[in-house]
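> Chains as they are written, first to last, in our numbering: chain A, 462 to 819; chain B, 462 to 819; chain C, 462 to 819; chain D, 462 to 819.
Read the hints as simulated data drawn from the structure, not as lab findings. Where hints are given, some of them may not hold.
As the list makes no split between identical chains, a pair holds if one copy fits it or if it spans any two.
[As the list claims (entries may be wrong)] In silico DSSO-like links for lysine-lysine, alpha-carbon gap of 27 Å or less:
| no. | residue 1 | residue 2 |
| --- | --- | --- |
| 1 | K508 | K751 |
| 2 | K508 | K560 |
| 3 | K508 | K552 |
| 4 | K660 | K751 |
| 5 | K660 | K508 |
| 6 | K664 | K751 |
Predicted model, so just to flag it, every value in this text is computed and none were measured.
There are 4 protein chains.
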Amino acid sequence: MSPTPDPSNPIRVAIVGPTGYTGLWLIDLLARHPLAEVTYLASHRDKLPDIREEFPRLLGRIEDDVAACRPIDPETMAEAADIAFLALPHKAAMAYAPKLLDAGLRVIDLSADYRLADPTLYEAVYQTPHEDTANLAEAVYGLPELFRDQLPGAMLVANPGCYPTAAALGITPLLTHSLIDPSSIIINAASGVTGAGRKPNQKLHFPEANDGFGAYGSIGAHRHQPEIEQTLSGQAGHPISVLFVPHLLPIDRGIFETIYLQPHDADVTEDELFNAFVDAYAYEPFVRVKEDLPDVKHVQGTNYCDLSVRLTPAPGTTDAGPTVVVFVAEDNMVKGASGQAIQNMNAVFELDETLGLI
Amino acid sequence: MSPTPDPSNPIRVAIVGPTGYTGLWLIDLLARHPLAEVTYLASHRDKLPDIREEFPRLLGRIEDDVAACRPIDPETMAEAADIAFLALPHKAAMAYAPKLLDAGLRVIDLSADYRLADPTLYEAVYQTPHEDTANLAEAVYGLPELFRDQLPGAMLVANPGCYPTAAALGITPLLTHSLIDPSSIIINAASGVTGAGRKPNQKLHFPEANDGFGAYGSIGAHRHQPEIEQTLSGQAGHPISVLFVPHLLPIDRGIFETIYLQPHDADVTEDELFNAFVDAYAYEPFVRVKEDLPDVKHVQGTNYCDLSVRLTPAPGTTDAGPTVVVFVAEDNMVKGASGQAIQNMNAVFELDETLGLI
Amino acid sequence: MSPTPDPSNPIRVAIVGPTGYTGLWLIDLLARHPLAEVTYLASHRDKLPDIREEFPRLLGRIEDDVAACRPIDPETMAEAADIAFLALPHKAAMAYAPKLLDAGLRVIDLSADYRLADPTLYEAVYQTPHEDTANLAEAVYGLPELFRDQLPGAMLVANPGCYPTAAALGITPLLTHSLIDPSSIIINAASGVTGAGRKPNQKLHFPEANDGFGAYGSIGAHRHQPEIEQTLSGQAGHPISVLFVPHLLPIDRGIFETIYLQPHDADVTEDELFNAFVDAYAYEPFVRVKEDLPDVKHVQGTNYCDLSVRLTPAPGTTDAGPTVVVFVAEDNMVKGASGQAIQNMNAVFELDETLGLI
Amino acid sequence: MSPTPDPSNPIRVAIVGPTGYTGLWLIDLLARHPLAEVTYLASHRDKLPDIREEFPRLLGRIEDDVAACRPIDPETMAEAADIAFLALPHKAAMAYAPKLLDAGLRVIDLSADYRLADPTLYEAVYQTPHEDTANLAEAVYGLPELFRDQLPGAMLVANPGCYPTAAALGITPLLTHSLIDPSSIIINAASGVTGAGRKPNQKLHFPEANDGFGAYGSIGAHRHQPEIEQTLSGQAGHPISVLFVPHLLPIDRGIFETIYLQPHDADVTEDELFNAFVDAYAYEPFVRVKEDLPDVKHVQGTNYCDLSVRLTPAPGTTDAGPTVVVFVAEDNMVKGASGQAIQNMNAVFELDETLGLI
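The shape of chain A in the complex, shown without the other chains (with noise of 0.2 Å):
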C-alpha cells in the first residue's frame, strides 16, 4: 500500500516546462537524489529543446535521451514516469494537470494554479476562471512543515509561492501562539531576479536591474498577498489580512522578508516569541531558528528556511509600545520553488524529507 519506492527501483520523474529556471533546479537538485531520478522532460514548445542547450550547467547531469524535451503526452508520460512536477505558467498548468492526474501521474504543480482553494477568489486574483475545480478542491498545499499529514500518497500538490512560504513559516507560530495581534501585519519583501521568472524583458536586463534596488508592482495587490492570507487565515481560524510589498534586489537567488507585527499583549518577551519559534520548528529538517539575524547569503543553494525575532525597545518618547519584527531568508528557487517540490515528493512518498535535498 505505501508509495515508498524500492532504492533499486527509483521514483521516475516527469518535468512539464524545463526550461524554466525552476526547471533548472528541479534537474539539478534530483540529480544528487539517491532515490528519484528524471526520466522525462515536455515541452509545449514547437521547436522541441535539449535541455542541455537551454543550461549548459546541467551537461553531464542528465542522460542523453532525456535530454532531448518531447511533447507533453500523458499516456507516454505515464508509462515514463511516476510523478510529474509541472514548471508551468499559471494558467497552462491547469490545462494539463487533469490529464496528467488521469493518466495516472501523481502531479506536483509549481505554478499558482492550484494553491488558492477559493476559485472566486482565483479568478480575481488571476484575471481568469479556474477549468479545473474537481482538482482544485482535492488539492494539498504543499508546505510541509503545516500540512505534512495531508501529504503521504497525495495525488497532487499545490507547491507553495516563494513569498508565502517565508511568510507562512515567519508568521504562524506567532499566530497560533496568540502572541500578536492579527490585523496588523506588513511584510516587507525582496527576491532576487529569477523569482521574475526567465524571459527577458527591459527591467531585468542586465544593466537595468545590476547594482539597483527598488519596490515594484502594484503596492498592496500583489498576486502573493491572498496567498498568504488564506494560510494564516487557515491557521487563526478567522480572516487575516496582510500588507505585502515586494522589492527586487540585484541578486539572482533569495528571498528577505521584514516582518512588522503589533504584540498581542504588552508585556510579551523576546524569550516568548523565541520560544514559539522554538516550538514549532525544533525537529523540522529545513527550518532554522537563529539568534542572528538571517541572510539570504547563509540559504543560497539551501533548502533552508532561516528565522530569527526580534522585540524592539519602546521607544521613549511616545507612547508606542515595542513592535515584534521577525526576519525570515531563503533561497527562492530552492525552499521557495524546487527545493521545497522535492521536500514535497519526498513525503508524499514517505521518504526521509531531506533525500536529495543537503
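Given chain A, work out where chains B, C and D should sit, using these hints.
Okay, now just chains B, C and D, sitting in the frame of chain A:
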C-alpha cells in the same frame, strides 16, 4: 557683507580626513565645481598619505601639491582655505571643529557630532560625552530643503546622516499636512556597503557581502533613529518616535527606504498624499516627486532624492484600513553625504545650490 | 571663421536615437557642459518616446520640451541645432548622416558606419554595402590623441569603437617607437554588459549574466578587429594584424584590455616601454600612464583611459624571452563612446577638450 | 588490503583549519557524501571557534559535537579520523603534515607545500626553505585526470592550485598530441575573489572590489606559474615555460582561463584540436569538452571543468598564422580546491570519484 565668492576667486576648500569614501566623493565632485577648489587635504595619520595612492580614480583630478596630505594645522589651513569639510569619525570631528572655527574657517561636519542638538541624547547614543557644547548650540542642521534659511553665512553646519536625509524628506510633508498618524511610523531601510565605511572587516569582505542581503545591527536601536526623530519632532511640534530597521544591500551606493504610515483620516486619497509632496518640493532642485516608484539605480552618482507615495487598497477581509507607503531613493554618498555637504556649502556662500552637483 | 561658440550662445546639440545607452550618457554628460545644451532629441520610433520615461535618471536634467522626442527631420533639426550625435545602429547611421550633413549640421556618428575608410572592408565586416562612400571619404576618425589636428571644423566625425579606443591607445606608442614586433599582437579584452546594447536578450538577462564570465562571439572575427588593425596599420605605415578576443564582465560599465606583445629587441627595458607611453601622453588630459596596474573601477564614470606596461621576467627554463604586457582600462560608455564623442565635439568647435568631461 | 570503506562504516574525516573558504566548502560538500563524514575540526586558533558561528550556512549540517573546533592534536585526531584535509596556509601545512602522517592519518593538503617536487624551487617561490622534504618526495600531485594511477592508497596528496588545475587540463592534451609549440604559451586568467582568501583587506573590501576588474600582482611572477610549468614539463618530457597573468573578477567563485598557443603545424585543423580534448577526457566524469564556449556561470557550485578550443582565422594582411585559443572554466572553490580534494579522497579510498560531488 555677502560671503559669495568672486568667480575669479573661488571658494578654497580644505578636507580633513579625506581617505574615507566621503572624502573621495567630496574631491571628485568638487573637481567639477565652477566656483570652488580643493586647496588643502589634512590627515591625522602619522604617515601622511597621497590621496592619489589611496584613490587612483583621483589621479589628474587634483593639483600635485594638494594631493599630498598635510597635518591638521588649523592656522595653516585657515590661510589656505575658506571652509573645511570634516570627513572624520564622530568624536574626532568635535575634537577638531572648535580649533578650525577659532582659526576662522567655516566648517561642514559630515560626522554625527553636531547633528543631535541635545548633548544628553548625544551621550546616550554615542556613548561618549559631547565635548563641544558651545558650538553644538550654534550648529545648523544642513538639510537645505527644511532648514535653508539658516544656512547663508553659517559658520558650522552638521551634515545630516544618509538614512535621516531620506527619512526626513519622505515623511515631513505628510506630517506637516497632518495626513498621517505620527505614532505609527515604520522605516524599512536598505543601504549600499559604502555606508558602512572604508575600513575592511569580515562582514564587508567581498565574498561575504556579495550576493547577500539581510538586516543588521541592534534592531530598533540604530544611531540614526534619534536623528530622524529629532527632525520629525521639530517639524511636527511634538515628540515623535519611529521604528527604523536597516538592511545591507550588495551594491556600492544607494539608500532605499520603504516607509509605512497609518493615515490620519480613513478617507484620505492618494492624490492628497501625492500633492503634499508636490507642494513641499515643487521648487527643490534635488527632490524629484515621481508617479512611478523610485529605484536606487536612477539616483546613483547624483544628488537627487526620488520619492513616491502609495495608498494601499483597504484589505477586504478584515477591518484594517489602507496604509500609506512612501518610497525614497538617494545615493548615500551624494545626497546622503558629500553631495549634500557641497549643497550646504553653496547655500552657506549664497550660491546656486546646484553648482557642481549636476 | 572659427566655429567656437560665444559662451552666452552655447553649442546646440541634437541626438538621434537617444533611447540606447550611448544616448543616455550623452544627455547625462551634456547636462554638465558649460558651453553646450541639448535642444533636440530625434527618434525613428513610430511612437515617439519621452526620454524621461526611458531613463528616469534624466528627470529634471533636460528641458520639458526637449525630453519629448521628435521625428528625424533634418531641416527642423538644422534650425534647432548646430551638431547632431548619431546614437543609432550601424546601417541606420549612414542612412541619416548625408541628410543631416546636407541640412548643414555637423555630425558625430557613434555607430561603425564611418570608421572603416575602405568601403570594401566595411562590406566584408558588416555584410552590407556602404551606402555613403562620398561622406565616408571625408570622415575624420575621432580619436583625439592620434588625430587631433583633423578635428577642428570637421563636418563628420566617426567616433571610435569602445574596444578599438583602448587598443589604439595601448599599442600605438610601442609601435611608433619600434619597441615591439608588429606581427605578434594579442589583445585579451573584457567589457561590461552595456557594451552589448540595451535590447534585452537571453544571455544578457540578469540571472544569466550576473556572476558569470566568459569569452563570446566568433573568436578571431570580432567586428572591432579590423578597426583596430586599420588604426595600427596607419600608425605603423604598413599592414598590421592582431588577434582580438572579447569577454563579457558581470558589470555595467568598463573595458579592460590585457595586450601581449613580443619586444622588437631582446634587451629592451621596462623603463623604455614606460617612457614611450609618457612621451606619447604627457600632455593628454584623458590618458593616465600609471606605474600601478589600472582597474576599471578607477575609470568608471570618467573619460580617462588608464594605462600601464610591464616587461615580464624571461622564463628561466626555456629560451623564450620576456614579453611586453600592456594593461588598459576605460569606461566603455564614456571614453569608449559618449564621453569621447563630446571630447570630439569640443575639438571640432576648438574648445578645451575637457569641457563637460571632468 | 583495500582501503575502501564499508558503507556502514564511512570514511571519517578531519579538517585542519576549517575557518577559511576551502574549509567551508569541504564541510558543505562532505555533508552530501554517502560514504564519508566529518568527525573532527581542528583549529590552531587560541580561542577555538565554533564553525557554525564562522559560517552560519553550516548550521544544522554538522553534528553539534563536531562543530566546536578542537586543538590540532595528531593522536586524538588519528583516533577520530581516517584522513585529514589540511586547509591551512602554506608553511603551516608542512609543519603539521608530518605529525599527522606519523599518527597514521592519510593527508590531503590543500596548501602549496607539497605541490612543487623540487624543494629548491619551493624555496625560491615561497621564500622559505622546505621543512619536510622526506614526505615531499612521497607526495602525489592530486590531479586525478593526469595522475589517477598514483592515488589509490596514497598517504599524502598535494591538492593542486586553482589556476594550475585549469591550465593543466586545458593545455596537456595539445602538448601530448604535439599539436602546439611548447615555447609559446600565454595564460590569461581571471578568478573570483574567494581565490584571495577570507582575510579582509582593503582591495577586497566590498566597495573596492565590486564592479571592478583588473590584473593584479607581479606580472609574470605568480606563484602558480612554476606549478603549471612543473605539470606541463612532466607531461611533455622537457622543460616548458609559460606566461601567466591573473585578473580579479567581481564575483565570489569561478576561474576562467583564456590560453593562447601557436600551433605546431600551420595546417592543423580545429577538429584535430577538439579531438585531442575528446580523446583525453571522454571518460572523465568532471571534464566537459564543449563545442560552445564555457562560462564560469555554468560550473559554479560544481566540480566540473569546462573546456573548448578554437583555431582563429589566419589574419589576412600579414604573414602571421592562425592561433590556438583554449577556454577553460571551473569553480575555484570546487574543482579548484575542495571538490578536487574530495575527488582525491575518493580515489585514495578507491571509491567512485564522483561520490558527494554531483
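> Against this structure, judge whether each hint is valid.
Hints versus structure:
Proximity of K508 and K751 under a CA criterion of 27 Å is satisfied inter-copy only: 23 Å between copies versus 48 Å inside one chain copy. Only within a single protomer do K508 and K560 lie at most 27 Å apart by alpha-carbon distance; the minimum there is 22 Å, versus 44 Å between protomers. For a Cα distance limit of 27 Å, the shortest separation of K508 from K552 inside one copy, 21 Å, qualifies, whereas the shortest one across copies, 32 Å, does not. Taking the shortest Cα distances, K660 and K751 sit within 27 Å of each other only across copies (25 Å), while inside one copy they are farther apart (36 Å).
Within a single copy, K660 and K508 get their C-alpha atoms as close as 17 Å, and across copies as close as 24 Å, so both meet the 27 Å cut-off. With identical chains, the CA atoms of K664 and K751 are at most 27 Å apart between copies only, with a shortest distance of 18 Å across copies and 35 Å within one.
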